[in-house]
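Peer 1: Position one of the sequence shown corresponds to residue 1 (full-length UniProt numbering), numbered consecutively onward.
Simulated from the structure, these hints should not be mistaken for laboratory data. Just to be clear, a hint being listed does not mean it is correct.
Listed next, with one range per pair, are the computed distances between beta-carbon atoms [as the list claims (entries may be wrong)]:
| no. | residue 1 | residue 2 | range |
| --- | --- | --- | --- |
| 1 | E142 | R248 | 37 to 47 Å |
| 2 | R398 | D249 | 23 to 33 Å |
| 3 | P52 | G84 | 22 to 32 Å |
| 4 | E142 | T237 | 51 to 61 Å |
| 5 | Y88 | R248 | 35 to 45 Å |
| 6 | P217 | G379 | 27 to 37 Å |
| 7 | E335 | V395 | 15 to 25 Å |
| 8 | V78 | D177 | 23 to 33 Å |
| 9 | E41 | R398 | 36 to 46 Å |
| 10 | D187 | N394 | 52 to 62 Å |
| 11 | D72 | P52 | 13 to 23 Å |
| 12 | E335 | E41 | 39 to 49 Å |
| 13 | F38 | Y154 | 18 to 28 Å |
| 14 | V395 | G84 | 32 to 42 Å |
Note that beta-carbon positions come from the ideal geometry of N, C-alpha and C, so glycine has one too.
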Amino acid sequence: MNRYHFVGIKGTGMSPLAQILNDMNNEVRGSDVDKAFFTEEALNRKGIEILPFDPENITEGQIVVQGNAFTDDHPEVVRARELGLTIYKYYEFLGELADHYTSVAITGSHGKTSTTGLLAHVMRGIEPTSFLIGDGTGEGVEDSKNFVFEACEYKRHFLYYRPDYAIMTNIDFDHSDYFSGLDDVIDAFQEMAKQVKKGIIACGDDENLQHIQANVPIVYYGFGAHNDFRAENVNSTDNGTTFDVYLRDDFYGTFRIPGYGNHSVLNALAVIATCDYENLPKELVKDRLETFNGVKRRFSESTLGNQVLVDDYAHHPREISATVEAARKKYGGREVVAIFQPHTYTRLKSFMDDFAAALAEADAVYLCDIFGSAREQEGTVTIEDLQSRIEGANVLKRGGVSVLSQHTDAVLLFMGAGDIQTYQREYEDHVQLEA
Numbered sequence: 001m002n003r004y005h006f007v008g009i010k011g012t013g014m015s016p017l018a019q020i021l022n023d024m025n026n027e028v029r030g031s032d033v034d035k036a037f038f039t040e041e042a043l044n045r046k047g048i049e050i051l052p053f054d055p056e057n058i059t060e061g062q063i064v065v066q067g068n069a070f071t072d073d074h075p076e077v078v079r080a081r082e083l084g085l086t087i088y089k090y091y092e093f094l095g096e097l098a099d100h101y102t103s104v105a106i107t108g109s110h111g112k113t114s115t116t117g118l119l120a121h122v123m124r125g126i127e128p129t130s131f132l133i134g135d136g137t138g139e140g141v142e143d144s145k146n147f148v149f150e151a152c153e154y155k156r157h158f159l160y161y162r163p164d165y166a167i168m169t170n171i172d173f174d175h176s177d178y179f180s181g182l183d184d185v186i187d188a189f190q191e192m193a194k195q196v197k198k199g200i201i202a203c204g205d206d207e208n209l210q211h212i213q214a215n216v217p218i219v220y221y222g223f224g225a226h227n228d229f230r231a232e233n234v235n236s237t238d239n240g241t242t243f244d245v246y247l248r249d250d251f252y253g254t255f256r257i258p259g260y261g262n263h264s265v266l267n268a269l270a271v272i273a274t275c276d277y278e279n280l281p282k283e284l285v286k287d288r289l290e291t292f293n294g295v296k297r298r299f300s301e302s303t304l305g306n307q308v309l310v311d312d313y314a315h316h317p318r319e320i321s322a323t324v325e326a327a328r329k330k331y332g333g334r335e336v337v338a339i340f341q342p343h344t345y346t347r348l349k350s351f352m353d354d355f356a357a358a359l360a361e362a363d364a365v366y367l368c369d370i371f372g373s374a375r376e377q378e379g380t381v382t383i384e385d386l387q388s389r390i391e392g393a394n395v396l397k398r399g400g401v402s403v404l405s406q407h408t409d410a411v412l413l414f415m416g417a418g419d420i421q422t423y424q425r426e427y428e429d430h431v432q433l434e435a
């Protein structure tokens, strides 16, 4: 048993990693800011102690895991160095952990978390599987054969991983505070592809992935006829989506998933192809796909009177479009209302017109003030800059959320990677007070 201390334990990767080590009978605790995050619910449930930041938290004999958001001059990290403790960056530790299993890294500019959650759900129902999902969920299973984990491309952190398999969902320009452009992102994924040991499962409908070079076989999935695993006859029903899968020219099977939208079908295809590569029984895969309840903050639904409220992490134009599409396919005929909070000034500045176009796909649009980050608290763009590009868009202020009640029988999409959930909670509280 080892003693671990996590600096920034509430992070979306740090929280599940702490849970995994705790499940494996290690002594785990950590520190973070005194602000509520959805990632801490599982930590509390598992009895993992969360402390305020303090150098006194660092003691002899600990192994320290340092969150990506925290620099080497953080007081706890400085103290750990003074005591001569072993210190790992989050991505360094995750890379070493994955080496002990048959590992599957899920990466891509969009869809990582949902695909990781789906693959973990399917595989753990068939074989002992540990997993780390970027929605704050993680589990370490005794005698695990497999390890399924989300691999983020930001700052090229995924280059610390050498997985047996990699699922690549897409390549798109994002993280404009780090990547210089699309070519820079493609270069990072190309470098990552060279590190995969057994096989890559890639979306062949993504033009940027079609040109990836690797030292291992690449299996392509998608809707296009050129893909190895291909979806046809996609139908939205009251209880999900059904589709036929073809393996090259041969019928492979009919599958059903609870989700909606083309992106949900693509995620399922990636999982089906991966499980086929690992020779997992097709019928068991089919059964597990039908029982997936989703991951946190990815089209998470609740009802409020006649309205449907959806909490979603969408913070890039392509993700917004996918969320609006899913709402239309599941709730055809109902008004779709987008409530969006941009995450970081640089992202909004880089994709201003794309955000405007994606949000305009909704029937009504409300914009919340820009949510900065630890790295970026201000910028040269404003929420009004985005508002001016979307006809009829409104700026939603705290204390003014009651305006959303005029959209009776609508689907309200609360989208963003900041604290958009606080607007949703404020609206829920308002409606309950009025009832």
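Peer 1: Would you mind marking each hint as holding or not holding in the structure?
Peer 2: Hint check:
1. Remark: the range hint 37 to 47 Å for E142 to R248 is upheld by a beta-carbon distance near 39 Å.
2. Checking the proposed 23 to 33 Å range against R398 and D249 shows it is violated: the Cβ atoms sit about 56 Å from each other.
3. Distance hint check for P52 and G84: the Cβ-Cβ separation is about 24 Å, which falls inside the suggested range of 22 to 32 Å.
4. Take E142 and T237: their Cβ atoms lie about 38 Å apart, and the range 51 to 61 Å is violated.
5. A hinted range of 35 to 45 Å holds for the C-beta pair Y88 and R248, which are about 43 Å apart.
6. The given range of 27 to 37 Å is broken by P217 and G379, whose C-beta atoms sit roughly 44 Å from each other.
7. For the hinted restraint 15 to 25 Å between E335 and V395, the CB-CB distance of approximately 20 Å keeps it satisfied.
8. At about 26 Å, the beta-carbon gap between V78 and D177 stays in the expected band of 23 to 33 Å.
9. Taking the beta carbon of each, E41 and R398 are about 24 Å apart, not inside 36 to 46 Å as hinted.
10. Checked against the hint of 52 to 62 Å, the pair D187 and N394 fails, with Cβ atoms roughly 40 Å apart.
11. A hinted range of 13 to 23 Å holds for the C-beta pair D72 and P52, which are about 20 Å apart.
12. Taking the beta carbon of each, E335 and E41 are about 32 Å apart, not inside 39 to 49 Å as hinted.
13. Judged by the Cβ atoms, the range 18 to 28 Å given for F38 and Y154 holds: they are separated by roughly 20 Å.
14. Between V395 and G84 the beta carbon distance is about 52 Å. The supplied range of 32 to 42 Å is therefore violated.
Violated hints, listed in ascending order, are 2, 4, 6, 9, 10, 12 and 14; each of the other numbered hints is respected by the structure.
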